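Peer 1: The lines below spell out each chain.
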Amino acid sequence: MKIKSGLWHGGKRRAAIAAGALAGASIMFSTGWAAAPKTIEFIPSSNATPYFLREYAGVKKEAKKYGYRTLFQAPSVSTHVAKQIGMVYTAITRKVDGIVLVPYSPTALLPPVEKAMAAHIPVIATDSTLTPMKAVTFTAVPNKKAAGAVATYAAKMVHGHGEYAIIDYNLSTTSGRDRRDGFKAAMAKYPGMKFAGLQISHSIPQTALTETQALLERDPKINVIFGANDRSALGVAEAVQRMHLQNKVVVVGFDADLGEINYIKSGVIKASVLQSPVLMGETAVKVLHQMFTDPSKAVPKFMPLPYHMVTYKNYKDATSVSAIRQYIAGYKG
Amino acid sequence: MTMQRIGEVRRLQSGLIALFNSSLVAAVLIVLVVAFSLAAPNFLSENNVLNLLQSVAVIAVLSIGQTFVIITAGIDLSQGAVIGLSSVLGAGVMGATGGAGSIALGIAIALAIGLGVGIVNGLLTAFTRVPAFIVTLGTLSIAGGIALLVTGGEPIYQLPPSFNAFGINAIWVFPYIILVSALLAVLGQVLLRRTRFGRSVYAVGSNSRAAALSGLPVRRNLVLVYAMSGVLSAVGGILLTAYVNSALPTAGANYELDSIAAVVIGGGSLFGGQGAVWSSMLGVLLIGVLGNGTDLLGVSSYSQTVILGAVVIGAVFIDSFRKRVAI
Numbered sequence: 001m002k003i004k005s006g007l008w009h010g011g012k013r014r015a016a017i018a019a020g021a022l023a024g025a026s027i028m029f030s031t032g033w034a035a036a037p038k039t040i041e042f043i044p045s046s047n048a049t050p051y052f053l054r055e056y057a058g059v060k061k062e063a064k065k066y067g068y069r070t071l072f073q074a075p076s077v078s079t080h081v082a083k084q085i086g087m088v089y090t091a092i093t094r095k096v097d098g099i100v101l102v103p104y105s106p107t108a109l110l111p112p113v114e115k116a117m118a119a120h121i122p123v124i125a126t127d128s129t130l131t132p133m134k135a136v137t138f139t140a141v142p143n144k145k146a147a148g149a150v151a152t153y154a155a156k157m158v159h160g161h162g163e164y165a166i167i168d169y170n171l172s173t174t175s176g177r178d179r180r181d182g183f184k185a186a187m188a189k190y191p192g193m194k195f196a197g198l199q200i201s202h203s204i205p206q207t208a209l210t211e212t213q214a215l216l217e218r219d220p221k222i223n224v225i226f227g228a229n230d231r232s233a234l235g236v237a238e239a240v241q242r243m244h245l246q247n248k249v250v251v252v253g254f255d256a257d258l259g260e261i262n263y264i265k266s267g268v269i270k271a272s273v274l275q276s277p278v279l280m281g282e283t284a285v286k287v288l289h290q291m292f293t294d295p296s297k298a299v300p301k302f303m304p305l306p307y308h309m310v311t312y313k314n315y316k317d318a319t320s321v322s323a324i325r326q327y328i329a330g331y332k333g
Numbered sequence: 001m002t003m004q005r006i007g008e009v010r011r012l013q014s015g016l017i018a019l020f021n022s023s024l025v026a027a028v029l030i031v032l033v034v035a036f037s038l039a040a041p042n043f044l045s046e047n048n049v050l051n052l053l054q055s056v057a058v059i060a061v062l063s064i065g066q067t068f069v070i071i072t073a074g075i076d077l078s079q080g081a082v083i084g085l086s087s088v089l090g091a092g093v094m095g096a097t098g099g100a101g102s103i104a105l106g107i108a109i110a111l112a113i114g115l116g117v118g119i120v121n122g123l124l125t126a127f128t129r130v131p132a133f134i135v136t137l138g139t140l141s142i143a144g145g146i147a148l149l150v151t152g153g154e155p156i157y158q159l160p161p162s163f164n165a166f167g168i169n170a171i172w173v174f175p176y177i178i179l180v181s182a183l184l185a186v187l188g189q190v191l192l193r194r195t196r197f198g199r200s201v202y203a204v205g206s207n208s209r210a211a212a213l214s215g216l217p218v219r220r221n222l223v224l225v226y227a228m229s230g231v232l233s234a235v236g237g238i239l240l241t242a243y244v245n246s247a248l249p250t251a252g253a254n255y256e257l258d259s260i261a262a263v264v265i266g267g268g269s270l271f272g273g274q275g276a277v278w279s280s281m282l283g284v285l286l287i288g289v290l291g292n293g294t295d296l297l298g299v300s301s302y303s304q305t306v307i308l309g310a311v312v313i314g315a316v317f318i319d320s321f322r323k324r325v326a327i
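Quick note, the sequences are listed as chains A and B, same order. Residue numbers for the first sequence follow the numbering used here, so the first one is 1 and each next one is one higher. Residue numbers for the second sequence follow the numbering used here, so the first one is 1 and each next one is one higher.
Listed next, the stretches of chain A that the computed footprint assigns to chain B, with coverage defined by at least 3 CB atoms under 8 Å from CB atoms of chain B:
(1) 61-73
(2) 81-88
(3) 106-114
These stretches of chain B come out as covered by chain A in the derived footprint (C-beta under 8 Å, 3 or more residues):
(4) 51-64
(5) 150-162
(6) 245-254
(7) 292-301
These aren't lab readings, by the way, just hints derived from the structure by calculation. Just so it is clear, the structure is predicted and the values come from calculations on it, not from any experiment. Note that beta-carbon positions come from the ideal geometry of N, C-alpha and C, so glycine has one too.
Chain B extracted, bound-state conformation:
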């Protein structure tokens, strides 16, 4: 066998392994959809598909940002708190001033908050020795605390009706909020796979030392990645506020756990260098279908968290198994 043949076989092998891994999630998703459509009445009804897509829209947006962060071998635990802070400050502006322009202003403020927290996360992660886990844990507490301070724990109920209409209306079975998430997911995937920035994100995650030595602006890109995650968390906050028609300071609590689970289930590795936006979206759908299907079957929501935990552990186990095979 020539070296060329061996090289080709190896490339085919790794290609097949990648396909197997990502298609495993897709396969499980298809099996679940088929199983639930047979076992649970009305699983595929218009209303239920609509409900399912609405329930995953916010996590989907968060997972886009989390994908980028996890590929760099980092983690963003502050996403849920950013949702709370950006939504109460944005909604406060929207409600207080009233009128059409106030919605745009409120959204702009929410995005600015997300950007600000993200930049702080990025700067601390990139320029200090503090691990991302600790940095984002800190900003989680700070952002969450500011949200409670500003509102005194009280939710904001006064929101423009057109804003709520955007949150709950749909085109057929596709709610507006999921269309926003889908668009952002496409943009995120293109950014990750088709741009130099995207490739450098993988490089930083695989081996940040080598990436720095080969001239990549590692620190700058890290700041950008966390800034993106912050902005996307704020987008999630806007979508959530529109959907529930009120801004609660604790609105996004623990949402980051779901976005991390989605990325890991989709094949992202917490050690970095691996993952993709589209496979994280598969992870989001899997979590959503599991939750919705078990709901319809009457399984208690307590058991659902147990099932989700088992699925996450299973996904990480498969990921480690795949690593061993690859070596």
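Chain A with its partners taken away, still in its complex shape:
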């Protein structure tokens, strides 16, 4: 009896060990044989605007086509460039296969980008660029031109006479600086338009709102205000509406989330330049895919993306609806 139970016990134990070894071996085999999917990390400059979430949606969409994994890391406080630098270094340590970056500063992000490129991790700069441009390519809407277009529209609305102010999101990214420069350069062509001032919102609508109110209180002659991104334009529009100045002050913006679209429909925001965030993400991943599969093929250093100006008059048009769909998935009008 005892011997029997002893043998049985031993048998059970041996069976368990064999099963475990088989399971372990099969796990080892499957992970060893199956090639790990390529990983692409998206590191925007901040989490303060929904624009980058739409860009990430584009990254994911294109990555899915090729079976790539994607990761998202954004500094939780938008002014911490040191955090973004650390995130790029961490991506290098984690040995990701490609990085899609929105550099918060054109110079601060240079050392980590150069390190990534040296470690054979291609970096695509999107929305804002590096100086000098050490990434594989830079893809964005030509911000100066786009801001100039909306400035011209606003100047024409006020017949080239009055004062204009700008609420910019930051002056650290090249996109923030370019939009300001482009807007001012276009306005300079209208000698009757005087520059009344610029304030920074850091993509916080409340800040943009209070700054706009202060600007308008201080200088009632302002009849054009440019909110240089979605969050800034939202604050500007809210302020103008609260002060009942929508018929006197022309508000123009950049990008479009649901709040901005509603202001466009109600006419508080007269025009907004729409970029193509989803397309931006897709383009970046397309370039990375080319780098992975055909690294010898040349990549242009700048890949411009289309922009579309939505106005309070044309927002129902098919082109406008499709442009807005880049920002609001499934938007029908």
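Since the structure of chain A is already known, use the hints to place chain B on it.
Peer 2: The following block gives chain B in isolation, referenced to the frame of chain A:
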């Protein structure tokens, strides 16, 4: 049992409690390092250790000053704003004049700004009834506002290349900036534990009335403590500017929250009379390792702030529990 025996047992008890508390942080740190090295690939690689140390260098310097301030039962909320102001004014000088001497001049100006703000903090805290919280909240706004006024919100990009080289280069895995922080930490610990000034800092924090009545120059020492914190914040600004190769007026925003967290995690009590530079450094390392390790594991940076908050609350809870045991 004789009174002597009882006294010895009590001293042993409080010694063990102090060891337990500080070694608790060290123990958690070791556990985290081991756990991350097992779970996250390349956690202990040269590159990652370098990245980790670079990311904590600035907070480490701030935490030295914050330790002194918190031991006096005060708080310095202006550290981040001093970083911004000192770095833009210092960098403005460096970039504009160019050349080797300009770097020294820029650094001197940055330190002078830090000293100035610190002295203002100290004078107001020591000579008025306004609590340090409010005083430093005020100087936070003023310093931050001046930084934005002076620069118009624009960052300063023109910096001498040798300055940036100092910010990003290293000896093996030890970046120059962490070596500066480590040196200052050693000096700070010696000042705190081995000098009369240091002992008076504890006395002021434990019972400022008793300290004043026993003849300690309480007000003078408070001014010195806040001045130190200001100068160290300026040093942090210099290190940060060198590291990111640009001076942004909002560069140090919210950094004081991290330095306060590091001091509290390291065992410093917001009620004063307790803390040490070396244990604050453990707190800094803990925050850094947590952030870096969770980054490597792919945990989103949003969750990291939740985790950090939980750790701070846990540390304060343990501190209050320890107080009850001691009594």
